[in-house]
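Now for the letters of each chain:
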Amino acid sequence: MSLTAYIIVGAALFMIGLVGVLIRRNFIIILMSIELMLNAANLNLVAFSHYLHDLAGQMTALFVIAIAAGEAAVGLAIIIVVFRGKVATNVDQINLLKW
Amino acid sequence: MITTLFFYYFSAATIVSAVLTVALRNPVQCGLALLSVLAHMAGFFVLLNAEFIAAIQVIVYAGAILILYLFVIMLLNLKSEERILHPRWALALFFIAIAAGELLILLLISPFAGKLGLVDPDTVAGVGHSHAVGLKLFSDYLLQFEIIGVFLLGAVIGAIVLAKSSQGMTRQ
Numbered sequence: 057m058s059l060t061a062y063i064i065v066g067a068a069l070f071m072i073g074l075v076g077v078l079i080r081r082n083f084i085i086i087l088m089s090i091e092l093m094l095n096a097a098n099l100n101l102v103a104f105s106h107y108l109h110d111l112a113g114q115m116t117a118l119f120v121i122a123i124a125a126g127e128a129a130v131g132l133a134i135i136i137v138v139f140r141g142k143v144a145t146n147v148d149q150i151n152l153l154k155w
Numbered sequence: 103m104i105t106t107l108f109f110y111y112f113s114a115a116t117i118v119s120a121v122l123t124v125a126l127r128n129p130v131q132c133g134l135a136l137l138s139v140l141a142h143m144a145g146f147f148v149l150l151n152a153e154f155i156a157a158i159q160v161i162v163y164a165g166a167i168l169i170l171y172l173f174v175i176m177l178l179n180l181k182s183e184e185r186i187l188h189p190r191w192a193l194a195l196f197f198i199a200i201a202a203g204e205l206l207i208l209l210l211i212s213p214f215a216g217k218l219g220l221v222d223p224d225t226v227a228g229v230g231h232s233h234a235v236g237l238k239l240f241s242d243y244l245l246q247f248e249i250i251g252v253f254l255l256g257a258v259i260g261a262i263v264l265a266k267s268s269q270g271m272t273r274q
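Sequences listed follow chains A and B, in order.
Counting the first sequence from 1 gives a position; our numbering is that position plus 56.
Counting the second sequence from 1 gives a position; our numbering is that position plus 102.
Okay, chain B solo, but in the shape it has when bound (with noise of 0.2 Å):
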């Protein structure tokens, strides 16, 4: 089954991608294995009949925000960091695998079969994902979807106040 190879070969890539995230010294190629991570997502979203879902993930993710990430550390020239791990959280964060692995389990054994919704993969295939989205996201999700607008404006907005010159914070 074709699916499952690449079914296999996303989640080693994720993981194996996220891992190098976390561990890498430098800041750039974090960025770029974050980068790795993010374009298999793509691909997990394809498998699973999402594919709006995955052509936003690559070109807003991928495509913006990642090269907002690059742009601030090359602008900012990081240097590596001299030690990684931090000492005052390695009991922390023995007891939080233990906790994390025993929500896993209950997780895992417990049924995930709920109520069927209306609309099946196959409906979703008949008239197209980007179309069942869009009628979806413009009737029962009207109200979020003008939320996130001004949010998005909000956050533009801050973010250009916010960065925008260096004394205009402290003088007031």
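Same shape as in the complex, but just chain A (with noise of 0.2 Å):
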């Protein structure tokens, strides 16, 4: 396959988990939509690197699945924090820090 196909693939998934951050009201939904695009980039740093012959692409991606894990502990820790005190996981109502 070529690589404008993987680029292809990867800017749908991109613009579904955008779609999903966009759309969604629950917390937990918005970090999945967030995976979603985490996911798409990854796509696209190996697609790239496999097709220019250079293993920083892969490197990258390494990184960002690392990253992302580190935001899913801190993400759904701070959604147990927030269910505790006032039983919500909707963003809208989550806005004491609210300007």
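What the hints contain is simulated information worked out from the structure, not anything from laboratory work.
In this text, a Cβ means the ideal position worked out from N, Cα and C, and glycines have one as well.
Heads up, some of the hints might be wrong.
As the list claims (entries may be wrong) - Cβ-Cβ distance ranges computed for the label pairs, FRET-style: (1) B:Leu-195 with A:Lys-154: 18 to 26 Å; (2) B:Val-263 with A:Ala-61: 42 to 50 Å; (3) A:Leu-152 with B:Leu-218: 29 to 37 Å; (4) A:Asn-151 with B:Ala-194: 13 to 21 Å; (5) A:Thr-60 with B:Asp-222: 34 to 42 Å; (6) A:Lys-154 with B:Gly-165: 35 to 43 Å; (7) B:Leu-206 with A:Asn-146: 26 to 34 Å; (8) A:Leu-152 with B:Gly-165: 30 to 38 Å.
What the hints assert, rightly or not - Examples of chain B residues lying across from chain A (beta carbon under 7 Å, computed): (9) Tyr-111; (10) Ile-117; (11) Gly-145; (12) Phe-146; (13) Val-148; (14) Ile-167; (15) Gly-260.
Join the two chains, each given in its own frame, into one complex according to the hints.
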């Protein structure tokens, strides 16, 4: 397959994740959509790494996976704290820091 | 060509599962759809001769991160939300779709071919992908590797401190 095909799939995945962040109101689903977008970025990185004959893209993909793990851990801890204080995972009701 | 067939299968399955992840009401079903996305993404990585990344994808993403999500969903006993589409974003979505389509067209008509690197797929296949990644990771990317280790330690400590006690954050 050509590089263009992988880029199209990556762009479609990224757009689906972006739409998910914008239209869903559930905190956990928003975090899942962010994971989708990170995966789309990973796909582009590895595809370019394969077709341009350089391992740098795959290194970056490894670091993106590690950062996604940290993001998931901290984000879910924040969800647990918020849910314990007021029973809501709807991001419209979590506006304590809103200006 | 068998790889072309696999590519079409993986892309169709990935995109359908991604749409289901965003569109389903029940958070547990969203998590299972996300699992399907991650597994098929590992298939893409195998097609791209990146076996080590594929293994890490399955172990870390599908094995650890997704279990964490499902654990928190079942711990909190979430209810399905009533309405999905937030009306304030409908107009913004329209303009974002136009801008993204423009960007995608610009991207697809531009030439990708840059200067080719030194590591072609045959060389990587000759020494083994994990070997090649290990050599690169512990020589050129050693500093980044150490930084990511400190970052993960900080993330673990932060998660424990945040989730540890209910009155700990407000007592001071």
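Okay, the hints, checked on the actual structure:
no.: 1; hint: B:Leu-195 with A:Lys-154: 18 to 26 Å; verdict: holds (22 Å)
no.: 2; hint: B:Val-263 with A:Ala-61: 42 to 50 Å; verdict: holds (45 Å)
no.: 3; hint: A:Leu-152 with B:Leu-218: 29 to 37 Å; verdict: violated (52 Å)
no.: 4; hint: A:Asn-151 with B:Ala-194: 13 to 21 Å; verdict: holds (19 Å)
no.: 5; hint: A:Thr-60 with B:Asp-222: 34 to 42 Å; verdict: violated (20 Å)
no.: 6; hint: A:Lys-154 with B:Gly-165: 35 to 43 Å; verdict: holds (36 Å)
no.: 7; hint: B:Leu-206 with A:Asn-146: 26 to 34 Å; verdict: holds (32 Å)
no.: 8; hint: A:Leu-152 with B:Gly-165: 30 to 38 Å; verdict: holds (34 Å)
no.: 9; hint: Tyr-111; verdict: violated (12 Å)
no.: 10; hint: Ile-117; verdict: holds (6 Å)
no.: 11; hint: Gly-145; verdict: violated (11 Å)
no.: 12; hint: Phe-146; verdict: holds (6 Å)
no.: 13; hint: Val-148; verdict: violated (10 Å)
no.: 14; hint: Ile-167; verdict: holds (5 Å)
no.: 15; hint: Gly-260; verdict: holds (5 Å)
Hints 3, 5, 9, 11, 13 from the earlier list are contradicted by this structure; the remaining hints agree with it.
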